[in-house]
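Colleague: Mapping the sequence shown onto UniProt numbering, position 58 (from 1) lands on 58, and the numbers just tick up by one.
Among the hints, erroneous ones may be present.
Taking lysine to any residue pairs in the SDA-like style, the calculated list, with each CA pair at most 25 Å apart, reads [unchecked claim]:
(1) 26 x 77
(2) 27 x 47
(3) 30 x 81
(4) 30 x 8
(5) 26 x 92
(6) 30 x 82
(7) 26 x 36
(8) 27 x 119
(9) 30 x 97
(10) 26 x 96
(11) 92 x 82
(12) 92 x 24
(13) 92 x 41
(14) 119 x 133
(15) 27 x 4
(16) 30 x 98
(17) 26 x 58
(18) 26 x 144
(19) 27 x 86
What follows is a set of in silico ranges between Cβ atoms, one per label pair, in the way DEER data are often shown [said to hold, decoys possible]:
(20) 62 x 40: 21 to 27 Å
(21) 146 x 62: 50 to 56 Å
(22) 142 x 120: 28 to 34 Å
(23) 40 x 100: 19 to 25 Å
(24) 138 x 36: 35 to 41 Å
Since the hints were made in silico from the structure, they are not lab data. Don't be surprised by glycine CBs; every beta carbon is placed ideally from N, CA and C.
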Amino acid sequence: AWSWGAGEMMVFAATLIWSVEFIIAKKVLKTIHPNIVAWARLTIGVFFLLLFLLATGRADTLLSVSLAGWMWSLLTGFILLFFVLTWYHALKRAPATLITSVLVFASPITTFLDELLRKNQLSFNNAIGSLIIIIGIALFTFALIFNQRRQNLTPNSLKPNP
1 AWSWGAGEMM
11 VFAATLIWSV
21 EFIIAKKVLK
31 TIHPNIVAWA
41 RLTIGVFFLL
51 LFLLATGRAD
61 TLLSVSLAGW
71 MWSLLTGFIL
81 LFFVLTWYHA
91 LKRAPATLIT
101 SVLVFASPIT
111 TFLDELLRKN
121 QLSFNNAIGS
131 LIIIIGIALF
141 TFALIFNQRR
151 QNLTPNSLKP
161 NP
């Protein structure tokens with residue numbers, strides 16, 4: 001039977017924090033360039049990560065990271081930088097609900113990559129779950145396209161009014 005545990009609480013808390021971040025970002029992006037907002041976001045993130053290491057007495061672990069570890073950190077850091085820059089530029093131009101809907105793709109992609117990289121056979125439950133998500137995305141996309149054509153809307157009409 002399902003029960004509410006620490007993992008569910010962390011997901012719930014992350015979702016709330018992320019929602020607050022989007023509200024703040026949408027307001028800030030009205031007057032500040034997305035590159036500056038992204039830089040601030042990543043700088044604040046690094047600050048809190050370092051603060052966590054200091055608070056838990058593990059700051060010294062940074063000195064024992066190998067060159068390969070730092071290279072992987074740089075690679076994933078650049079991927080995160082690209083994502084955050086793209087994200088804030090998109091948030092400036094479109095509604096947050098539209099932008100966040102793109103993340104629905106993350107679940108099936110992560111599932112398939114996880115199975116591929118671990119060389120596991122895709123489980124029935126994971127396959128069905130991913131298929132349901134993909135069908136939902138397709139239905140939503142077709143409904144949006146159909147609605148746009150029916151109302152003779154252009155992509156620019158999806159932009160929020162200032």
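Colleague: So, for every hint listed, does it hold in this structure?
Modeller: Here's how the hints hold up against the structure:
1. For the suggested pair residue 26 and residue 77, the alpha carbons sit about 23 Å apart, so the restraint of at most 25 Å is met.
2. Simply put, residue 27 and residue 47 have alpha-carbon atoms about 23 Å apart, close enough for the 25 Å limit, and the pair holds.
3. The straight-line distance between the Cα atoms of residue 30 and residue 81 is roughly 21 Å, inside the 25 Å bound, and the hint therefore holds.
4. Between residue 30 and residue 8 the alpha-carbon distance is near 34 Å, which puts this suggested pair outside the 25 Å criterion.
5. Distance check on the hinted pair: residue 26 and residue 92 sit about 7 Å apart at the alpha-carbon level, within 25 Å; holds.
6. Annotation: proposed proximity of residue 30 to residue 82 holds, straight-line Cα distance about 21 Å (limit 25 Å).
7. For the given pair, residue 26 sits about 13 Å from residue 36 by alpha-carbon distance, which is consistent with the 25 Å threshold.
8. A C-alpha spacing of about 44 Å is found between residue 27 and residue 119, which places the hinted pair above 25 Å, so the restraint is violated.
9. In summary, the hint linking residue 30 to residue 97 is supported, as the alpha carbons are separated by about 17 Å, within the 25 Å threshold.
10. Only pairs whose Cα atoms come within 25 Å are accepted, and residue 26 paired with residue 96 is accepted, the gap being roughly 8 Å.
11. For a cut-off of 25 Å, the pair hint linking residue 92 to residue 82 stands: about 16 Å separates their Cα positions.
12. Straight-line distance between C-alpha atoms of residue 92 and residue 24 comes to about 12 Å, which keeps the hinted pair within the 25 Å bound.
13. At most 25 Å may separate the alpha-carbon atoms for a hinted pair to count; residue 92 and residue 41 meet this at roughly 15 Å.
14. Distance hint between residue 119 and residue 133 is fulfilled; the C-alpha atoms sit about 23 Å from each other, no more than 25 Å.
15. Distance hint between residue 27 and residue 4 is unfulfilled; the C-alpha atoms sit about 34 Å from each other, more than 25 Å.
16. Restraint check: the Cα-Cα separation between residue 30 and residue 98 comes to about 17 Å, which is no more than 25 Å; the hinted pair holds.
17. The suggested pairing of residue 26 with residue 58 is violated, with an alpha-carbon distance near 35 Å, which exceeds 25 Å.
18. Taken as a hint, the residue 26 and residue 144 pair is honoured in the structure, with Cα atoms around 24 Å apart against an allowance of 25 Å.
19. Between residue 27 and residue 86, the direct Cα distance comes to roughly 17 Å. Compliance with the 25 Å bound is thereby established for this hinted pair.
20. About 22 Å separates the C-beta atoms of residue 62 and residue 40, a value consistent with the hinted range of 21 to 27 Å.
21. In this structure the supplied range 50 to 56 Å holds for residue 146 paired with residue 62, their Cβ-Cβ distance being about 53 Å.
22. About 32 Å separates the C-beta atoms of residue 142 and residue 120, a value consistent with the hinted range of 28 to 34 Å.
23. Checked against the hint of 19 to 25 Å, the pair residue 40 and residue 100 passes, with Cβ atoms roughly 20 Å apart.
24. Restraint check, residue 138 to residue 36: a C-beta distance of roughly 37 Å satisfies the suggested window 35 to 41 Å.
Figure legend: structure checked against the earlier numbered hints; hints not met, in rising order: 4, 8, 15 and 17.
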